[in-house]
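Chains as they are written, first to last, in our numbering: chain A, 1 to 257; chain B, 1 to 202; chain C, 1 to 196.
To give an idea of the chain C side of the interface with chain A (calculated C-beta under 8 Å), a few residues: (1) Lys170; (2) Phe173; (3) Tyr174; (4) Glu175; (5) Leu184.
If you're looking for bench data, these hints aren't it; they were derived computationally from the structure. None of the values given here were measured: they were computed from a predicted structure. Yeah, the Cβ is synthetic: ideal placement off N, Cα and C, and Gly gets one too.
Chain by chain, the residues run as shown.
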Amino acid sequence: MDASQRPEMTEHQKQQLQFQLFQDSLPKVNEIVYRMLLNEAIPMAVNVQDRLSEESGGHEDNETEQGLEQDLDAKLTFDPLKDHVPSHKLLQKYLTADEEYQNKVDERLNNIGFLLGQKLSQLLIFSNNPSLNFRDMDLLAVMKFVCRDVWRQLFGKQIDNLKTNHRGTFYLLDNNYKPVESFALDEDMSQEEQTLIEPYLEIPCGVIRGVLDSLGFQEKGQVICTASITSDRESQKTGSSASSRAVLFNVQINPDR
Amino acid sequence: MSASMSGNTASSSSSKKSLKAFSDDIWKNKTAKINAELFTLTYGSIVSQLCTDYERDFAKVNKQLYSMGYNIGVRLIEDFLARTALPRCDSLAKTSEVISKCAFKIFLNVTPQIGNWSSNKDSFSIFLDENPLSEFVELPMDAARELWYSNILCGVLKGALEMVQMDCDVYFASDVLKGDQTTELRVKLNKILKDEIPAGED
Amino acid sequence: MAIQTILVINKSGGLVYQRDFVATAPRLSSNEYLILAGTLQGIVAIASQITPKSLQIAGKGSAKGGVEPAGGAAAPLVPYVGTLGATTASGTPMGSFLGPDYFNDAFASCNGRGLKHVTTDQNSLFLYQTLTGIKFVAVSTQPTTNAMAVAVAENLLRKAYCLYADYVMKNPFYEPEMPIKCELFDQKLGVLVGQL
Chain A
1 MDASQRPEMT
11 EHQKQQLQFQ
21 LFQDSLPKVN
31 EIVYRMLLNE
41 AIPMAVNVQD
51 RLSEESGGHE
61 DNETEQGLEQ
71 DLDAKLTFDP
81 LKDHVPSHKL
91 LQKYLTADEE
101 YQNKVDERLN
111 NIGFLLGQKL
121 SQLLIFSNNP
131 SLNFRDMDLL
141 AVMKFVCRDV
151 WRQLFGKQID
161 NLKTNHRGTF
171 YLLDNNYKPV
181 ESFALDEDMS
191 QEEQTLIEPY
201 LEIPCGVIRG
211 VLDSLGFQEK
221 GQVICTASIT
231 SDRESQKTGS
241 SASSRAVLFN
251 VQINPDR
Chain B
1 MSASMSGNTA
11 SSSSSKKSLK
21 AFSDDIWKNK
31 TAKINAELFT
41 LTYGSIVSQL
51 CTDYERDFAK
61 VNKQLYSMGY
71 NIGVRLIEDF
81 LARTALPRCD
91 SLAKTSEVIS
101 KCAFKIFLNV
111 TPQIGNWSSN
121 KDSFSIFLDE
131 NPLSEFVELP
141 MDAARELWYS
151 NILCGVLKGA
161 LEMVQMDCDV
171 YFASDVLKGD
181 QTTELRVKLN
191 KILKDEIPAG
201 ED
Chain C
1 MAIQTILVIN
11 KSGGLVYQRD
21 FVATAPRLSS
31 NEYLILAGTL
41 QGIVAIASQI
51 TPKSLQIAGK
61 GSAKGGVEPA
71 GGAAAPLVPY
81 VGTLGATTAS
91 GTPMGSFLGP
101 DYFNDAFASC
111 NGRGLKHVTT
121 DQNSLFLYQT
131 LTGIKFVAVS
141 TQPTTNAMAV
151 AVAENLLRKA
161 YCLYADYVMK
171 NPFYEPEMPI
181 KCELFDQKLG
191 VLVGQL
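Bound-form chain A, shown alone (with noise of 0.2 Å):
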């Protein structure tokens, strides 16, 4: 990607140096918290989507007295886990819900990254990358930000191809989605294992939408960002392990209208 910019190199590696040492005296937390956290997302929000439609199905046309009383009930005995359901229930759930109930689901998440894209871009602008210089950036400049320092910030490392048509259209290709990797997958997937990972493929596509959105790109559906799980051929040329898992992230743009 930065081939035609060796020249520089030395000051500007200089600078990443300086970053890097900054980067590394912030406070740190265990990665596999994070990662934990971030892969609970999927099956609490099927949760979330469960017990919405549940409330939505009938319990609240009942408002009586006895409704009340139940009420009063349930919070004298506050169970936290009452209606608990263990993640892989929920997750095959969503594997046997209707696409209705898997968009929904997927939107939560989408919308989690979108969150989480909107704050990431300021808290990675703010803290002074040498590698960023907004006063002339492209949207292919945008891309690589995103590519280079969102992809390090969630999972420390960067996309490993960015591709263009220069009309708007980017594709991501990631060798190894990091989120998936401790998956059990077959080699070729089933259709089953298929449906079960895109939900693991939301959040990071919110991300890129909240990231671009702070970034100026503020229209509703000037934005679109799908990903796909794609057959890893490159790795498996090379030898490297079969486990990574190569997903390709498609970023349309449109421009201002």
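Guided by the hints, dock chains B and C onto chain A, whose structure is given.
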């Protein structure tokens, strides 16, 4: 058996080191880390989405966070045990020490204070002077009244303790986000699930 | 010493994982394996009860007194026996465990009174039990009563537990207590045993 056996005679002395030094070493040398701020923002995005979804019915948000935490806790405990191989605690005091000095240290890089023991020693409080989940967070008025912002922690502890056969109630008693002086997490041991303790332990 | 078979038994005594590593391993039917798992579960429990009372009390006494090592009672320590070939230096990634090894200290065996080791003239069987009640079992191709071999086996099984924490527990689709069908766990365990 081709494995090297060298340089390990010192291990018996190193195992004597304090729990704090033991945890510091794991945190420093054995843990992949990420920016705490990213973690804070991620959690914040999840909570804020939940508030929207449940139309600011914060009791439901609390419950959802707890439930989410429980699902994490029952899995995270295996990670913790595989990593530390700590033996069973012979008292709740010991448990509280492991939670604060080891678990919180390894996972969130904070060491909360333990205190406020009940007279019969069956419950204690964890005082979170620093809380990576809620750093820089300010709650709007309506949320400040009812939302336990970091409720996921209760769920995690509940789930994790249950897997080592301790049936506990875990809940927040106060939170600085609500204007309280301290952030206090209460743990009350109901009973040790004796029948479920694996046979063979001392 | 080569490892012939590794088993994982859940906390209620159900077999959740079984894999042979040498071609000469005797073929047991899956039913026989289930019986083996259940029997082991029972023997662990019985073994813990036939420990003489005097020893139990002595153990308790030493646990209470003196300076406590990291994290609790003075349970018998298993020495750390080196990387057993599994190290980041050899280029194999170790999941969320930062190298050079999964752990590098002696550790307490929390299975103080239970069954740890069975030897016949042909084989040895080793058992590592976690606080959550999961049992990791290894069967070797040669008999041994050597304390070092037992320590090696316990180290190996704790590493198997580390893999379990990474590749089974972090797989959101895995249903606790159920048979483990995780390709990555399979793969990594194969590497771990292969390096021995």
